[in-house]
Amino acid sequence: MPWSNILTPAPIVLPLLVGAFLAGVGGYLPRRLLDGIALLTSAAVLVVSCMLVHASAHGTIVHWLGNWRPALLPQTGKFFPVGICLAIDPIGAGMSAMVGLLSMAAFAFSWLYFEQVRSLYHTLMLAFVAAMCGLCLTGDLFNLFVWFELMTAAAVGLCGYKSEESWPLLGALNFAVVNTVGAFLSLSGVALLYARTGSLNMAEVGRSLASHPPGSAFLLIVFLFVSAGFLVKMAVVPFQFWLADAHAVAPTPVCVLFSGVMVELGLYAVARVHWVVFAPSLGTAGEQAVRDVFLLMGTLGGVIGAVYCFSQRHLKRLLAFSTISHVGLMVMGFALLDPGALSGTAVYMVGHGMIKGSLFLGAGILLHRCGSVDEYDLRGQCGNLWLLGIILVIGAVGLAGMPPFATFYGQDLIHDAFARAHRESLSAVAVIAEALTAGAILRFSARVFLGWGERQEASSRGSPHVPMDSETAGQHDKTPFGMWLPAVLLLALASGVAVSGQFRQATDAASRHFQQSEKLAAVTLESMNDVPSPRTSPAPVQFHIETPVTLALALGIAALALFPRVLGERLNWVLGRGLIAAMRPLRRLQSGNVSDYVAWFAFGIAGYGGLLLWWHR
Amino acid sequence: MPGMNHLITYTGLGVAAWMFLVGLYGIVTSRHLVHLCLCLTVVQASTYVLLTVIGYRPGLPAPIFTDWVQAGSLAVDPVVQALMLTDVVVEATVVALLLAITVKIHKRTGSTDPAAINVMRG
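So the protein sequences, as listed, match chains A and B. In case it helps, my numbering puts the first sequence at residues -7 to 609. In case it helps, my numbering puts the second sequence at residues -17 to 104.
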């Protein structure tokens, strides 16, 4: 069908074409027309992606670009891919829909947010959107690397967009160097896979590895290499340092895309490469090693991100560290390598993306109104911005995984999977991480909007005070309706999307489908008709004691942080000293020096590689 | 000569790994941002070596079919060369971007030492 042939690659092609067009003639177009074109383009990406989700629910869509279909090799009697394909399943298309949705929110917000913005911004954003969609939809290993690099380049440009300041430049530099080093290791991994199998098509590589399995040590190391770039992108500890530097200084609408979907795409790519390429040949011992190492990564990220998050006073940095923590929880969900947990992770990812997007927009509104996002500078200053306070508090509750937010349903499935795997202790890690991150946002809101808590923080506890005055010109008296709308809508969507069983049912079927690599290979290479995994009625949502405990802990932590005196003078003093002493080394690690970050990268790869090899015996 | 072939492959792999590590060492110890960008290109060059070694077939010509090299005859693997070209293009973009950022950073802060210009701690 010609229409489907044109529409299938549209989420990638359309933003690139429009971006190129705007790069050429954007200088002559009025600002509102630029905004309108960009907004319409991302709306088109959203619509087409949703159509792809719907269509691929009946079976994976394989689209051979330029119609270069696999050739039948007479020597072997097998099909061999000579072209490049898009392999679209509901999860990938759903991620691409998230890209469309969040970029719409970002464009809608920047409509009124930026006083003046040149067409370069729209071009970069559209290239960024195209690269992210490409990463979601591709079925080719080398293209995965190319989209990853294009995504990085566009994101770095956006991060350093305010190039009159030195802070955004430094953030962009750290971002670019660490991610690019990771990408080179990924490329080396892809090259080694090509050397072994003679193909770059994921399905073919997976099938070829399964038919002549190399040693599992080789497979595990190559898996780590291929994943390296994505592990950096998804800010796994100890590769996470660049993220906070970049998020704190990037323009706020861009942060929506950074935290809401770019970081999560790293996990998506690792999961996809794992199931399509490596899972068929890793064997039980190899899978066990992957599971243990990724559970370790997730636990470290969840806890360390949450501790950093709680110690911030700058809202954007605070949200950035909370992303590190929540991605840690998602990594734990992936690491169980279980269909139920994967489905929970996908639902959680959707909910987290929308809530985090809304919270960053809230930070943007705060910056627009008050010219600062600093907790102590703004203490009690923003009582008239009660709607923003409500958005932040609801967002914090949503991040803590309360019903009816999608995060609740996702987490419910992940906790079930922890119980099935007899790893209940991981549930406790998740509870602590979520309570700390939600508590930090609650503390911020109470101090800023209600004026609760102390006026000055203990001097040496201070986290950096990032000057933020350049993004919007000064302070404004009122916030236009158009800036509230995307923030409120995203929150509403995050709470509404998973309430009906339909969404969870579809995600569950899609996740089971995502893990069937042999079937995908047959569909991709032999154009076999795909049969979707049957939908089963969603498991009834069970009551987990973790849910109320998380909320109670979050409230308690926030209250203690605001009113430490209730503990009594002595205990307060001891706790305060203890916290300062505990945070000092952690703070020193976040040095802002890119050389240190690359050293941590080398250390992390060596460490995880060693653990993979050690644990698979 | 299969022995010769293995020797070339393993030497190439060793050179690629060494270049990767040396580039990383350069980035970690760098005191100048331009030097740091160049070290990044050294890391990148390791992927060129790796790809070249993977595509190499002893004794075979380049995959450019002329009167002397018949179409359809054996040649070294052209796919990795296409990968390498793409790699060059992509990384030229990233390095150009980094150098532009370096120039801007020097303009703003007057310094190009990554250890001296850091302002974001904790």
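Worth flagging that the hints you see were computed from the coordinates, not collected in a lab. Just to be clear, a hint being listed does not mean it is correct.
[What the hints assert, rightly or not] Derived pair list, reagent style DSBU-like, types lysine-lysine, alpha-carbon separation capped at 30 Å: (1) LYS154(A) - LYS470(A); (2) LYS70(A) - LYS511(A); (3) LYS86(B) - LYS154(A); (4) LYS70(A) - LYS89(B).
None of these values were measured; they are calculated from a predicted model.
Results of checking the hints against the structure:
1. For the proposed pair LYS154(A) and LYS470(A), the alpha carbon gap of about 24 Å is at most 30 Å, so the pair holds.
2. Of the supplied pair hints, the one linking LYS70(A) and LYS511(A) holds, its CA atoms being roughly 16 Å apart against a limit of 30 Å.
3. Proposed proximity of LYS86(B) and LYS154(A) is supported: the alpha carbons are some 11 Å apart, at most 30 Å.
4. Proximity of LYS70(A) to LYS89(B) is assessed by CA-CA distance (about 59 Å); at most 30 Å being required, the pair is judged violated.
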